[in-house]
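Top to bottom, those sequences are chains V and H. full-length UniProt numbering puts the first residue of the first sequence at 1, with every later residue one more than the last. full-length UniProt numbering puts the first residue of the second sequence at 1, with every later residue one more than the last.
Quick caveat, the hints were computed from the structure, so don't treat them as lab data. You may find that some hints are simply not true.
The list makes no distinction among identical chains, and a pair is therefore deemed to hold if it is satisfied within one copy or across any two copies.
As the list claims (entries may be wrong) - Using 30 Å as the maximum straight-line C-alpha spacing, the simulated DSSO-like pairs for lysine-lysine come out as follows:
1. K91 - K330
2. K212 - K330
3. K420 - K330
4. K212 - K420
5. K176 - K330
6. K212 - K176
7. K358 - K176
8. K358 - K212
Model, not experiment: these values are computed from the prediction.
Number of protein chains: 2
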Amino acid sequence: MDLIERLRAGLPAEALLTDPDVTGSYARDMANFCDAGAPAVVVLPRTVEQVQHVMRTATELRVPVVPQGARTGVSGAANAVDGCIVLSLVKMDRILEINPVDRIAVVEPGVVNAVLSRAVNEHGLSYPPDPSSWESCTIGGNIGTAAGGLCCVKYGVTAEYVLGLEVVLADGRLIKTGRRTAKGVAGYDLTRLFVGSEGSLGVVVRATLALKPALPRQLALVAEFDSVTAAGEAVCRIMADGHTPSLLELMDRTSVRAVNAMAQMGLPETTEVLLLAAFDTPDPAADLAAVGTLCEAAGATQVVPADDAAESELLLQARRLAFTALERIKPAMLIDDVCVPRSQLAAMLAGAAAIAEKYDLTIGVCAHAGDGNTHPLVCFDPADPDEERRARESFDEIMALGLQLGGTITGEHGVGVLKKDWLARELGPDGVALHRGIKQVFDPLGILNPGKVF
Amino acid sequence: MDLIERLRAGLPAEALLTDPDVTGSYARDMANFCDAGAPAVVVLPRTVEQVQHVMRTATELRVPVVPQGARTGVSGAANAVDGCIVLSLVKMDRILEINPVDRIAVVEPGVVNAVLSRAVNEHGLSYPPDPSSWESCTIGGNIGTAAGGLCCVKYGVTAEYVLGLEVVLADGRLIKTGRRTAKGVAGYDLTRLFVGSEGSLGVVVRATLALKPALPRQLALVAEFDSVTAAGEAVCRIMADGHTPSLLELMDRTSVRAVNAMAQMGLPETTEVLLLAAFDTPDPAADLAAVGTLCEAAGATQVVPADDAAESELLLQARRLAFTALERIKPAMLIDDVCVPRSQLAAMLAGAAAIAEKYDLTIGVCAHAGDGNTHPLVCFDPADPDEERRARESFDEIMALGLQLGGTITGEHGVGVLKKDWLARELGPDGVALHRGIKQVFDPLGILNPGKVF
């Protein structure tokens, strides 16, 4: 019996897509320049049992399985491999429980981040992790990639909100990890092992997430700097002074101009760097005033507090548009995601500018400055082979600089296909060997998302 | 060449203890009723290289190694096994770096928790995790056991503060995990795998820890309840109302009387349960007033706010004394550590009381109520075999109840020797098999802390 027939035996007809024109549309996430194969079939299960059937079938037939969420990732982790089963979890999208006393939500993996956020808001709660794709990305994808967002500087990343999981293993067995409780130390932390494992260890079919009380509205300011050194210094002073902004973001002039060109935001274009800071504390105006003073002491040429929450939201909106706006500069873009200790932020930004000059390229930079997480965006035209070569070399050089400054090659986007070689460099051979050993424990046949991560 | 000689070849004389009277004193942590063997030798290394030498020697000679901190643990995880090398990390006690901009500290494993806390305080920073043994326990031990404390309800547990590790593997190789950065998702989360693994996967020789800005002083109140149901209801209302106290602790009448008897604290003894709540917010008095009202609505018979920070500290001091005070009631005590969803706290407390009555035992209960983490303390006399049998049965019945209520057998104390059988029950056979597989990857010869965890 062939793969499709075997799958059909345990799945409703509408859960199986086999038309190559359709399955081909599931071949890639949003990463540029990552290999993707042709899926044999796309499966859209609605139940845990259906996922188990898929994995049992894949194990029996030794067929690779690529788990997918909304495919908004930017490292190729969700890209198909030839002949694989694409296992799309987007139809498993129920919110099963929201509990204000225990401050948890129990969800299926296909729930969209923003849908969950709004649902818990109605109970006076919040689910802070907010990747920029939050209107379309799924919680399962967020867990697979250990996604970050703008709120991380105060509220942390996805990993910190995952209390427990239900996971279908490569052979179809269902296990539970973690807990519904606020604390727990029973055994090894398998939950965290699955978070960020990019579908290489198992298929998450249910998650218990920690929630916070509703977040207060935030008030923002924008500070202008004529050098990355001064902006980096301001970030250092803000953090060393004990502030915990709800957001501390940075855009360079290239990003600002791109956003203005796309959306007529009227952001100031005359200076090198804009720093956005926001607070959701009981007295945000006082905190912003203190931060404004620190920015001025670090050399800000201008500090402009937003008049109100609405104007603050507009500033954050501008920051959220940066990726899309920069994508319009050139036909293609490589997205770096280097995170450095925040004391090295200025060095990282200066280094990225020097690399842009060296390779004669446009590299726009925006950054979650408070985390030291920079996104140098290398804009180029793939029709020009020399420009593409320079783009790729600069992309690598940026990662090398990040490692040299004590950082990591990926703060929040993950490894996928894009940074596999670089992960080996960051981990070293002993680290890679341990990764392979763990992979072997969970997926002895190597059918789960092969060729990703390492 | 025998073990001692081989060890001596790479260690200074003062780092080796071989006198059985001396090595015997390293045989146990603070857990009662856990097996402990006789160490062949105790090693007190001062450098990473010395730890590597020990592990290489142990691998060559197939000798078990039991890593130890200050042996303040309460589950027997640090207990020696016969013929083992006790690897005590207490002499590796240097604070290598405190960085206020990056908000990190880099420390050796033997640094005492309170020593680190005070050192970072001097830089305007805090290291929140505060197990009750914080004046003597080490950071390495805190990492090994994933220790909790009183502050967890607002500031989380040890695991949330460990960014990166240097670990000597079973065969003596040194690996680095994690990062110095605020964020990072490069590869599997090996850091979290080591946290709470009770020395069974490797020997932590260096840790990069996240710090917070200095914590404000807290203000507390005490609320009295005449039933655990009412106290549990108060906890639910406080959390459902969106409060985040810096501390939310509970003591039953047995604990209160024991503390008064030991330390003449003058706590009210007439009611069933005392709830202590504290806030370190900008306006703690307002938050306490709101919480006081919620307590009254839940049935508190009395709500008494502390006059000032000093009086608040005295209340917390009383809570911290509870373990010691209860130990005086009977010659022996079994310490449970069941964590339930906080919505189940009242059911857990009522269940513990029923179990005490059923077995005709004194079971004092204190709890990190805000986390649902209860410590039923079974007091008994081991000279009375029937009482000891009842004590052990009640101890088990408490864990069974915790699991039944959706909780875990250990919120913060760990598994060690004490709860091995119960871990298997919580994880199930597939979970245990994955644990064994991971153990095999890191420690193929099974020399690291054998017989612990599972």
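Practice prompt. Measure nothing new, just compare the shortest in-copy and cross-copy C-alpha distances for K358 and K176 to 30 Å and report within, between, both or neither.
Written response: Neither: 51 Å inside a copy, 33 Å across copies.
Practice prompt. Go through the copies and call it for K176 and K330: within, between, both or neither, with a Cα cutoff of 30 Å.
Written response: neither (46 Å within a copy, 39 Å between copies)
Item to complete: Can you give me the call for K212 and K330, within, between, both or neither, at a CA distance of at most 30 Å?
Response: neither (40 Å within a copy, 42 Å between copies)
Discussion item. Reference check for the pair K91 and K330, CA-CA at most 30 Å: within, between, both, or neither?
Written reply: neither (35 Å within a copy, 58 Å between copies)
Worksheet item: Quick one: K212 to K176, C-alpha cut-off 30 Å, is that within a copy, between copies, both, or neither?
Response: Only inside one copy: K212 and K176 sit 23 Å apart there, 32 Å across copies, limit 30 Å.
Worksheet item: Should K212 paired with K420 be assigned to within, between, both, or neither, using CA atoms and 30 Å as the limit?
Response: neither (34 Å within a copy, 33 Å between copies)
Discussion item. Within a copy, between copies, both or neither: which one fits K358 and K212 at a CA-CA cutoff of 30 Å?
Written reply: neither (46 Å within a copy, 39 Å between copies)
Practice prompt. Please work out whether the CA atoms of K420 and K330 approach to 30 Å or closer within one copy, between two copies, in both situations, or in neither?
Written response: within (25 Å within a copy, 59 Å between copies)
Consistency with the previously given hints fails for numbers 1, 2, 4, 5, 7 and 8, ordered from lowest to highest.
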